[in-house]
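Colleague: Residue numbers (this note's numbering), protein chains in the order written: chain A, 1 to 356; chain B, 1 to 356; chain C, 1 to 356; chain D, 1 to 356.
Identical copies carry no separate label here, and so any pair may be met within one copy or between two of them.
Below 25 Å or equal to it, Euclidean Cα-Cα: the simulated SDA-like pairs (lysine to any residue) are:
1. 76 - 99
2. 120 - 146
3. 270 - 67
4. 261 - 311
5. 262 - 226
6. 271 - 180
7. 177 - 312
8. 76 - 98
9. 262 - 179
10. 262 - 313
11. 127 - 289
12. 104 - 344
13. 105 - 80
14. 262 - 181
15. 262 - 180
16. 120 - 132
17. 261 - 226
18. 52 - 287
19. 52 - 215
20. 52 - 286
21. 271 - 53
22. 261 - 179
23. 261 - 145
24. 52 - 288
25. 127 - 311
Calculated directly from the structure, the hints in this document are not laboratory data.
Number of protein chains: 4
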Amino acid sequence: MKSDSEKKANRQSVPVAVLGATGYAGVELLRILARHPRVDLTAITSQQYAGKRVSEIYPSLAGKCDLTLEELAPEKIAGRAELIFAALPHETSADAVAALLDKKKRVVDLSADFRLHDPKDYDRWYKGHKAPHLLTQAVYGLTELHRNAVAKARLVANPGCYPTGAILGLAPLYSQKLARGTVLVDAKSGTTGAGRSATVDLSFSEVNENFKAYNVGVHRHTPEIEQELGELARERVPVLFAPHLVPMNRGILSTIYVELKKPPEEGEFKKLYEQFYRGEPFIRLLAPGQFPQAKDVRGSNDCAIGYRYDARTNRLVVVTVLDNLVKGAAGQAVQNMNVMCGWPEDEGLRELALVP
Amino acid sequence: MKSDSEKKANRQSVPVAVLGATGYAGVELLRILARHPRVDLTAITSQQYAGKRVSEIYPSLAGKCDLTLEELAPEKIAGRAELIFAALPHETSADAVAALLDKKKRVVDLSADFRLHDPKDYDRWYKGHKAPHLLTQAVYGLTELHRNAVAKARLVANPGCYPTGAILGLAPLYSQKLARGTVLVDAKSGTTGAGRSATVDLSFSEVNENFKAYNVGVHRHTPEIEQELGELARERVPVLFAPHLVPMNRGILSTIYVELKKPPEEGEFKKLYEQFYRGEPFIRLLAPGQFPQAKDVRGSNDCAIGYRYDARTNRLVVVTVLDNLVKGAAGQAVQNMNVMCGWPEDEGLRELALVP
Amino acid sequence: MKSDSEKKANRQSVPVAVLGATGYAGVELLRILARHPRVDLTAITSQQYAGKRVSEIYPSLAGKCDLTLEELAPEKIAGRAELIFAALPHETSADAVAALLDKKKRVVDLSADFRLHDPKDYDRWYKGHKAPHLLTQAVYGLTELHRNAVAKARLVANPGCYPTGAILGLAPLYSQKLARGTVLVDAKSGTTGAGRSATVDLSFSEVNENFKAYNVGVHRHTPEIEQELGELARERVPVLFAPHLVPMNRGILSTIYVELKKPPEEGEFKKLYEQFYRGEPFIRLLAPGQFPQAKDVRGSNDCAIGYRYDARTNRLVVVTVLDNLVKGAAGQAVQNMNVMCGWPEDEGLRELALVP
Amino acid sequence: MKSDSEKKANRQSVPVAVLGATGYAGVELLRILARHPRVDLTAITSQQYAGKRVSEIYPSLAGKCDLTLEELAPEKIAGRAELIFAALPHETSADAVAALLDKKKRVVDLSADFRLHDPKDYDRWYKGHKAPHLLTQAVYGLTELHRNAVAKARLVANPGCYPTGAILGLAPLYSQKLARGTVLVDAKSGTTGAGRSATVDLSFSEVNENFKAYNVGVHRHTPEIEQELGELARERVPVLFAPHLVPMNRGILSTIYVELKKPPEEGEFKKLYEQFYRGEPFIRLLAPGQFPQAKDVRGSNDCAIGYRYDARTNRLVVVTVLDNLVKGAAGQAVQNMNVMCGWPEDEGLRELALVP
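In isolation and in its complexed conformation, chain A is listed as follows:
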């Protein structure tokens, strides 16, 4: 990396590792961390490619991040990093995280293993949890909602890509208990959300010129959304979540339908959203009646939010967009690290969206 010397001169630099560095969230972490001025990337792991340079797998990293991939050995990693990003598969991350916490390391876990507070929820939507004793110390890392807890956390459970868009779009409403009944989240994601996988279903010939719904009503991100909205509203919030696959690489657009308890007053939502998100570096609010597009945030850590009140049906329609690999994964993880380390929250995350 060009800036290695600069970094070494920087007294505040922290040794950081990335577990699962060749998945799409992992390599996006590398893309961001390679340019982060307070981070020294010291170790990266990959079960599949251990022994190879990561830039052999991702030529775009050549000359910028040429570290050699290692096998996952938490003890060895713990000796060389203070903060570790775990971008491992769901249901397998818990063991590694537990070992790292034992060694007094701080962890941002990008899997789903520590997002749900109630182990019964985990059992219902995933499989038996391997480290339920850690659930109490895990902080749900939607930074905008839990900034103070993140700052002190040793274990941050980075939110899912879909829940990030859904919760950020709805948090102001539920904090004021303005909605009633089931909230419908019709979400549309690019293909990188499904990870780097060798399956016919995700091959270009099958996805291109196609559009599909999947896991309607049964997707594992449902309980995350219900948990966070429920906490805000201090009551159970039923969510019907319907994800779809868009023939594009990056981006999630969520169209959210909420029935209101009563019609809003003039300017009510504008005031509500602006107050709720005042000073947030990554939230971009649109004027009422305007909606964001997926490309507006491509490659950036922004979440853009638009809404429109439909008087004919007394529904508020909220549309949010984010880049599933940035605000929906790696960018939010770095945002959490910045908060954990007391750095400027947007350090390393100031790049503009890549448009067009």
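For chain A, the structure is supplied; the task is to place chains B, C and D on it using the hints.
Modeller: Quick look at chains B, C and D alone, frame taken from chain A:
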């Protein structure tokens, strides 16, 4: 056309014209009609390209349909065709249609001008109607719902692409009045639905790697859906319709959310949908819990319908797919012509979807 | 199939089987054969999906082709089909073909196993041939060049997708020995040319917003092109073949650069190409200086050819397009069957391109 | 911009303007310059959108660059900027550039107006030049070839996107006169290379699932390539340039075919390319026989170069990739500015490619 001689030998062949033949619906009509064994294509019009052969504009037609495009002169067309497809812009079609009906011709109009029975609805969503006296004789050409009326009609108002998918997915439910409250139609369309247009917004660089919502709650297809569902249910049905643009050429997938009056009995919907659509040549029902994908019907006149009951929220989620240029426009228009002429309903429409 | 009764009434119908029916070439054969008026599809095989209905794998076939997939057992197939399409992988097709020929069946083989006349060429570009004794009776099935031999053949080796576009674009030139030196074929293919594969390299996230060259100078289709051009020119023709992957499903565009022995006379190429391809049902010649686009032939069996003489460099640039799954595979195979059976050459192949 | 205060504290910051800021090259300049630590963006112009904030046109800029677009008035701009990027259309840029140079400003011109040294070449490929007297002081801004001249230049003619990829791939060869005869450049570009245009030909429905060649042998970038290779080789170099349009937004891959004077010695090209490009911050050389892909450089200022010697035909095949909006336009322009100002050449250009 190869089969010209065959056709001339066919006593039942009918002279047919296409107005607005170089728009995407128009050229799709040519693609289908050029192979329809009972049709003689005698005249095609285009304001923009009058005087040119259509195969200069669409090289794919070379050798198959080389007619010269004419200016739109309804009287001259009336002398050479018995049945006319009008694929003209909304709000300009009415004049041409009126002139053709005066000449005792039968017309399938692909514009929105004759779809709404109540001229006040037209005024509210479009602009002042130019031939309101014809509204009473126009039949809404969703063949599956109005087959008998279509057979006798002189003027068929071919449905919009979005309403076709929404209404076909919901008709069985509303015919039995099983739903309550607002129905949410979250629809996703390929770009040909926006027509053949020279705008920055529809340029490849803007649409590719992007996804957006547009006209949420205010799209002109809303009243069509409300009209037809309302007729089926014999009561007002409020529809919140939210269209989106997908980076693909063809296809509409509609995800539809309905609150039920009461939880269904085992197998209730399967029985309901199978009875409602028994014998329909173009409706393809999926097993409960399965959803169709846009590509399943690309290039064909099929509409595939899947549904899943979500007990957690007492919602039925219905997903329908169709090719917006075929069942959503030209194919349905030909289906209507077949019914009007007493031919097999799938004549000229038996091609399989182009997959992958 | 709707037309089953029609077909049974048709005295000329022939029982046909497809081996390897769930690969992309296989399912494209089903798409075409399901509508072919002289074919009874009696057996289809798939190693991966034996025992399932093919319409479970490809929902687009539901109601049109619902046959159950069988394991590959040539003897059993031979009892139920007179003509068999083998769409099996290279290097494994030879055994099945040999068994079918033993049973006196006629075969159109879509693999590369019988395309090269000289077994040494096969050994050099593939691996040791399993049935070299059959090479002498195999006819290279580029119908436009070998129509008479195809008509009498028991074994037709259907050409590769790339060679079809390259050879058709160059055949007139080499038949007159107008070119000199190395011919450069820079070809660009959609992703279905790589088959239905579960690999990361062909996943949407890797192919979309990307473009790459592969196997430059070492692609296995090189010797096919050299063989056919060499036969036409009656001398060795060195070919440098460079394939590329385009983020689209269907289509091959080949840009071909030829150095001429001498500058052409006015209109020379127009006359040459028109004479060479006079009466060909699937060759579409463009005016000199005009080039075809991939979409012009999507879904059709056409090959469109354009050329431009560049006086500055004394090169002829020829551009050809075809649909790799139709004229590049299944469509050409059906064209060969039609010739073998003495049917109209375009039977079942008259559909127009799906545009846009 | 977040970093405004930082910038003001920076004594070296230079006031910079962008003319034509809403075209794709213009907005890409804004994306880069908004984060460049030594630049104060003081004025941006747009004929079409004068009076609006640029972030209304490009929402991705909201909060990062909210300047108001002005009409193009060179005198007024000259009062507020020391260095000006002109991203204006070909044939209209010359007037503005002349006015700015009169005011003693330094200009990086992204149009073609000052790229060709010989005004006769300009007349042949464009239209009559409006400021031929400035041609002698313009430096062709391919930084890797003309770094010293760029450093001192008042007017830098930023290269075309296609020539950048072609020349960088060939410069080592021609500097050593290893090639003979015509060089063939078969280039494939994403759609943003055609600019932000409202034309049917560039609409999504026409470009998607399509691939085409255009302006083969007559594209205006031909003389740029011939000029630079000719200078390197000190003799006329005939170039046959054939551009193609790929359904992707960003990226150019050029496949280049060169006949060699004699077969190379073992490792000859590796040594040659490595020496020629030693220390270059933006050139990435691949191992012999390996080729780069378009995505490897998406969003970055890199140009990656691969090559393979084909002994069968004695051709060297060179493949280069770059992002047409970065190294092919805005990035190279900033690289030139950095050199002109004596700053680190990669200042503001260190971001990694956005992959996947």
